[in-house]
Amino acid sequence: MKSLAELEAIRKATLNRINLRTENDEEATRVVVGMATCGIAAGARPVMLSFMDEISKRQLKNVTVSQTGCIGMCRLEPMVDVIVPGKEKVTYVHVKPEMVPRIVAEHIVNGRPVAEYTIGAAENE
Amino acid sequence: MREIALHLLDIVQNSVTAGAAHVDIRFDLGDDGMLTMSVKDDGKGMSPELLERVRSPFVTTRTTRKVGLGIPLLQQNAMLSGGDVQLESTEGVGTLIQARFNTASIDCLPVGDLAETLATIIMGSPDKPEFSLTCTGPNGEASFSTEEVRAVLGDEVSLAEPEVVQWIRQSLQEEIEPILGGIMR
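Going down the list, the sequences are from chains R and X.
Heads up, the first sequence is in numbering that gives the first Met the number 0, so the first residue is 0 and it goes up one at a time.
Heads up, the second sequence is in numbering that gives the first Met the number 0, so the first residue is 0 and it goes up one at a time.
Each hint should be verified, as a subset may be incorrect.
[Said to hold, decoys possible] Keeping only pairs whose Cα atoms sit at most 30 Å apart, straight-line, the calculated DSSO-like set for lysine-lysine is:
1. Lys65(X) with Lys39(X)
2. Lys65(X) with Lys127(X)
3. Lys88(R) with Lys11(R)
4. Lys127(X) with Lys60(R)
5. Lys11(R) with Lys127(X)
6. Lys88(R) with Lys60(R)
7. Lys43(X) with Lys88(R)
8. Lys88(R) with Lys39(X)
9. Lys95(R) with Lys127(X)
10. Lys39(X) with Lys127(X)
11. Lys56(R) with Lys127(X)
12. Lys65(X) with Lys95(R)
13. Lys60(R) with Lys95(R)
14. Lys43(X) with Lys65(X)
It is worth saying that the hints were derived from the structure and are not from the lab.
Chain X on its own, in the form it takes in the complex (with noise of 0.2 Å):
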């Protein structure tokens, strides 16, 4: 993965799958360079046993294969840049992930395309569930939500519709930059 924003599309499958109503989305950067990306669900959440091990790659819910590098990668990455992972998880409620990364690092990932990840999420998923995006730094504060898109489109209009797939790039992308534009390339 050459972006966070990769990581973020790839994990965030584990929530869709999870069968999650709402998903949250955080960047947080703080004056010190770190930054944190978070991801907090209300899926079905994992067992303490599942929880323990979900960290190797040979651990894996699916059942075509004996290898997930979902999170494993995850946590190489954050790690190179002398961050970490943390993740908390309650079997019925939901689960939180949240992978530190030090931008100051010259090891550290560009967050990346994050309006292009968040596009192609939302096409993948365009019913359930809903997704929120904050994004904040020392330069302010943004935020997204797809139940606001969906208050204006109404029932008949699929947030999955190119139009408005192309509409949420190009808004997001309006929103994301003044607040980790420093570090997105």
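Next up, chain R with everything else stripped away, as it sits in the complex (with noise of 0.2 Å):
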């Protein structure tokens, strides 16, 4: 396994981001991206790690990214939804890895949802 001190340099340095965390005390903006059978054929796997290596790229702290199962749109996966506290849900369709730091600059980073690659855009076409 790769070295063991690593782990335990991530742990103190991720201890004082944490602490960093909780005095703000702000609500925290979710990533949710669909993960049952669909979400994973139409490549979520991909599309989820990408958002972790952005959002540690950026060092954003108030940021959490988590699964969930079918939503019964599986023709749009892979779904990711974006939920800013105190805005409306957000939801990105056909999501791919290269989507990703878009989402994450422009809605995430600076409040404006990515309107093309919406599900209100994907609907319309």
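Can you join these two chains into the complex? Each is in its own frame, and there are hints to help.
Laid out in structure tokens, this is it:
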């Protein structure tokens, strides 16, 4: 296994960040990725990890990534919900890893949803 | 599904939903090219009636819809390569599912990105259950467990923290590649 000493260093760095997070005490932004058979088959796994990579690269403290099951719109998978506290939930459809940096930068960091990737845009096609 | 690892990501969810405390995953590659993927859990198990019907796409435990394709798709891909799927389950004890693939067959799926799958599984259920992964093959053995990682991280740091997930993914990649490298892509 890769060195456990490295993991120990990660633990220390993360603890500091967690403390910062609890001091701020703001409600977190949630990213929820559909991970049932349909989502996985459509390519949700790399999408989920792209969100993790992007969040860690930008050192975003108050964002959580979680998984959900099938919500019955399998043809639109991979689907991702972004829930910013106090705002309406935004659902992105047919998400690919290449789209993730833009969603993180424009929506999660700057508060402007990427309209062309949303379910509203897909349904109007 | 284009990878065996994607099937794993899918069926492990069954163990999590079954309330397992431990999920042991194995990939055993024999000298004859047969690869056995096993997932063993100590979840609530299945009744003999359910066990008999569970391979059907029209059987599912969820209540929102009447189809469930996880096990049928896994079985289809195992059989396409000349392998099969075996299921053992006891109510209140747990379930063991074993999918065998003939890696020598041109129709066999690649193992795929097992490290990414494990990282995703752990991220999805960071607190419970404990997961272990063991890979064996002609080139040796590799193993990993979330218990070991948790022992280092302590109670305050979740396994779902992005840096931890990255570490898990990278260390798994280094571990697994020499064992299953030839059949991963």
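We went through each hint and held it up to the structure:
{"no.": "1", "hint": "Lys65(X) with Lys39(X)", "verdict": "holds (26 Å)"}
{"no.": "2", "hint": "Lys65(X) with Lys127(X)", "verdict": "holds (28 Å)"}
{"no.": "3", "hint": "Lys88(R) with Lys11(R)", "verdict": "violated (34 Å)"}
{"no.": "4", "hint": "Lys127(X) with Lys60(R)", "verdict": "holds (23 Å)"}
{"no.": "5", "hint": "Lys11(R) with Lys127(X)", "verdict": "holds (22 Å)"}
{"no.": "6", "hint": "Lys88(R) with Lys60(R)", "verdict": "holds (20 Å)"}
{"no.": "7", "hint": "Lys43(X) with Lys88(R)", "verdict": "violated (35 Å)"}
{"no.": "8", "hint": "Lys88(R) with Lys39(X)", "verdict": "violated (37 Å)"}
{"no.": "9", "hint": "Lys95(R) with Lys127(X)", "verdict": "holds (29 Å)"}
{"no.": "10", "hint": "Lys39(X) with Lys127(X)", "verdict": "holds (15 Å)"}
{"no.": "11", "hint": "Lys56(R) with Lys127(X)", "verdict": "holds (27 Å)"}
{"no.": "12", "hint": "Lys65(X) with Lys95(R)", "verdict": "holds (28 Å)"}
{"no.": "13", "hint": "Lys60(R) with Lys95(R)", "verdict": "holds (24 Å)"}
{"no.": "14", "hint": "Lys43(X) with Lys65(X)", "verdict": "holds (21 Å)"}
Consistency note: the structure conflicts with the earlier hints numbered 3, 7, 8.
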